[in-house]
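Enquirer: The primary structure of each chain is shown beneath.
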Amino acid sequence: MLSYILKRILSLIPVLFVVSCVVFLVVYIIPGGPATALLGLEATPDQIEALNTELGFNRPFFVQYADWFVNVLKGDWGTSYFLHQSVLEAIGEYFLPTLSLAVLAQIFALILSVPLGILAAYRRGTALDVTAVSVSLVGAALPGFLLSMFLMLLFGVHLQIFPVAGYAGLEEGLAEHLRYLFLPALSLGIVQAAYLTRMTRSSLLEVLYKNFIQTARAKGIKESKVVLKYALKNGAPVILTAVGQSFGSLIAGTIVTETLFNIPGLGMLTLTSINRRDVFVIQGVVLFITLLYVLVNLAVDILYGFVDPRLRPGRK
Amino acid sequence: MRKKIWSCVTALVLCTALFVSGCGGSNTEKKDTEKGADAKKEELHIAISANPPSLDPQSVNSNIVGGIGIHIYEPLFAMNANYEPTPVLAESYEVSKDGKEYTIKLRQGVKFHNGKEMTADDVVASMNRWVEVSAKANTLIGGSVFEKVDDYTVKLTVNEPASDIIMILAGPIQFAAIYPKEVVESATAEGISEYIGTGPYKVSEWKQDQYVELERYDEYQPAEGEASGLAGKKEAATKTIVYDVVTDASTRIAGVQSGQYDIAEEIPLDNYEELAKDTSLKLNVDKGGTLNLFLDTTEGIMANQKVREAALAALNCEDIMLAAYGNPELYELNNSWMDPTDTQWGTDAGKEFYSQNDTEKAKELLAESGYNNEKIVLVTTPDYAEMYNATLVVQEQLKKAGFNAEVESYDFSTFMEHRADPNQFDMFITSNSYNMLPIQLSVLDSGWAGLDRPEVSEGISKIRGAASDEEAAAAWGDIQTFLYEYGAATVLGHYTGVSAMDGGVEGVDYLRFNIYWGASAAE
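Those protein sequence lines, which keep their order, are chains A and B.
Numbering follows our numbering, with no gaps: position 170 of the first sequence is 425.
Numbering follows our numbering, with no gaps: position 348 of the second sequence is 337.
Keep in mind that the hints were calculated from the coordinates and are not lab data.
Mixed in with the good hints, there may be bad ones.
Claimed, not checked - Here are a few chain B residues that sit away from chain A, every Cβ distance over 10 Å (derived from the structure):
{"id": "1", "residue": "Y72"}
{"id": "2", "residue": "E80"}
{"id": "3", "residue": "G132"}
{"id": "4", "residue": "Q199"}
{"id": "5", "residue": "T236"}
{"id": "6", "residue": "I290"}
{"id": "7", "residue": "N316"}
{"id": "8", "residue": "E459"}
Claimed, not checked - Facing chain B, a subset of chain A residues (Cβ under 7 Å, in silico):
{"id": "9", "residue": "T291"}
{"id": "10", "residue": "V388"}
{"id": "11", "residue": "F405"}
{"id": "12", "residue": "M407"}
{"id": "13", "residue": "V412"}
{"id": "14", "residue": "A423"}
{"id": "15", "residue": "P519"}
{"id": "16", "residue": "R532"}
Keep in mind that this is a model prediction, so the values were computed, not measured.
Yeah, the Cβ is synthetic: ideal placement off N, Cα and C, and Gly gets one too.
Given these sequences and hints, build the entire structure.
Expert: Here you go:
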């Protein structure tokens, strides 16, 4: 088991290397440098040139990349010219809101989707099933920003139950923290729930008509136990994979939702640093997200083993 | 079974909703009961459209930096409401007979936010840095030097005498903020790293991409005289001003409607009518500047003057401005490069070349020029909606006149790169805020769109060396006519900026930026 995890983590290294190289190259190729963004609309070309030279952005690609790479190996991910802080600090700071948002959104998604998915599968073909499937299709097709704006208008402007936008850190109290995150998390949760409902339903359908379920019923086991213990446990790997993917995408930062609700998370950091050509931050964020994504998938793989012993690594 | 699951789900969702909203609700209720009906808020929340790239108004040409900066820092001289330079940190000044030396007396007892008294050392360090890093200062009075005479007197030596030196020192954009000497000395290429001034507010916290929080500076020493524009006796009416960075315009609007923000800046003009109907809100419409079209005068087919004349002949500015700003109440059609109401500089010189809307004439001129369907590239950026929309209409009008016009749209940084290189654009549109002096206009700067003609440089010398205001105005009129005749650039129209604020907000003033030191909001 341990060697399996180690192997997976080691295989990350080439992935990260290639990703960093590609991102650096892309940022290098696109025109406009940090100086343009720093100096504003009416800056003269001379000024921009001078600042770029001073910041070292006029050097050849390989020199810049090698410079950055050596520093990263030493643990220095560079400094942002806009944020006036080191890239690692910035990522740490912007990651917390995203993490909170992702966890809350995932909770909403699970609360909505799993029971609905189970019911739809169990009552296959009934009006309930058709409704669940249609609602989840609509949810999947609905653009996130539209849903966000609808929630914002309803709960923020008309009912004034939740703040329209903004973010309160945990240090301002859990209730305040959740109050600000509620609407964006609900918006993200609904979209994710649409996907998870369908996955839960289809994975359960596959299992519900298998022989061992019939056997279990024949043995007179309670129907709820048959569905929730025997069927759900066998369908779980598929649902887990879906949850892993959905959590991965939530944690990678949700640019649109974070921008709309003004949450200073990784998504917003990604967008603003691309606009500002803040190359070290772009690098840092992309590497960090790659790392997270792979780790979430690894965690899901390990969890398989717990829910389904047949899938434990190393088992023939 | 089914019932059980459903009731569990419903209960859970309801509990979370109640818990979360309930906590918030009780907080606000408490606040409401603690204060009387006509009480003022301790905190003013202003939604701004972008994170300030820095808080160093000397080096960054940005309305957001300047707009926040005027609350924190002060210059030696600033504009009052009548656009007259008025001493702020200076007390008085004298000019030598040859017009090359300015001896400026400083006010005594003015303290920086760090408690240190402002002296000539701070002024000399700040002003010499400003002359170097502010593009406009550098172009206009580059090479000028500030020196210390004694602790409360400094001397400015300029290369050439000119009538507008104090005006330039009082310019509000990229203004000559006075920082403590230590701050100037520790500044790097990216700007200063400590935000200490002498203004009515001090920076209490700047959380990147979230907010800038300013707090009233209790030991503030205002200049004498009534508050007027950016000068006079400024008094901080509200204890705390929070500039919330809200990049999405619909979120800014929703926020001011729900009362989360007291003021929302940069309201998109599409929303103007909708908000004007909302009786709980006030809208401030302020003159902003000009939307301009610049033509490449140096490279490619556009170097041919006839082609440029044809382009100007094809334009119908009314359609362009309507597309850019959406509502005729929000723009003005006028060919002046300066504020048309400015008695000194507003002029309609060259108006026969403005908004000609004459497709036939354009076609004729194009035929005479020998234009052979070469591609005309209009570069733009959707990051500024008004620039982008106007560009699309200009493209259509040019196409109608027989131009092979193409729009290339980039993100802001890339646009800036293309815009600066005459090989990479044939035309571009930018919205430029008003300047106090015509010599500060970007169009006269050869680095802006490549226009480098003796008519311009000689004209600038004439304005600056003019013996009287009339002579200076006439010299500027000649330059404006030249810009149109030569087809170098045209004003498309004048725009306004809209801010929305809660009905209970009072005392917001405007001079180039929204001024909030006198502002307060009812609870």
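Enquirer: Take the hints in turn and mark each one as holding or not.
Expert: Verification of the supplied hints:
1. Non-interface status of Y72(B) relative to chain A is upheld: no Cβ of that chain comes within 10 Å, the nearest being about 20 Å off.
2. For E80(B), the condition that its CB be more than 10 Å from all CB atoms of chain A holds, with the nearest at approximately 32 Å.
3. Its beta-carbon lying about 16 Å from the closest one in chain A, G132(B) satisfies the requirement of being farther than 10 Å from that chain.
4. Look at Q199(B): its CB is around 5 Å from the nearest CB on chain A, not clear of 10 Å, so calling it non-interface is violated.
5. With a least beta-carbon separation of about 6 Å from chain A, T236(B) fails to lie farther than 10 Å from that chain, contradicting its non-interface assignment.
6. With a closest Cβ-Cβ approach of about 22 Å to chain A, I290(B) is found to remain outside the 10 Å limit, as its non-interface label requires.
7. Look at N316(B): its CB is around 23 Å from the nearest CB on chain A, clear of 10 Å, so calling it non-interface holds up.
8. The beta carbon of E459(B) is kept farther than 10 Å from every beta carbon of chain A, the shortest such distance being approximately 29 Å.
9. A cut of 7 Å between beta carbons decides the hint on T291(A): the least distance to chain B is about 5 Å, and the hint holds.
10. Taking 7 Å as the C-beta cut-off, the interface hint given for V388(A) is violated, the closest approach to chain B being about 17 Å.
11. Checking F405(A) against chain B: minimum C-beta separation of about 11 Å lies over 7 Å; hint violated.
12. Residue-level restraint check for M407(A) holds (minimum Cβ-Cβ distance to chain B is 5 Å; threshold 7 Å).
13. Taking 7 Å as the C-beta contact cut-off toward chain B, the hint placing V412(A) at the interface holds, the least distance being around 5 Å.
14. Because the closest C-beta pair between A423(A) and chain B is about 10 Å apart, greater than 7 Å, the hint is violated.
15. Taken as an interface hint, P519(A) checks out: its beta carbon lies about 5 Å from the nearest beta carbon of chain B, inside 7 Å.
16. Interface hint status for R532(A): upheld, as the beta-carbon distance to the closest one in chain B is roughly 6 Å, under 7 Å.
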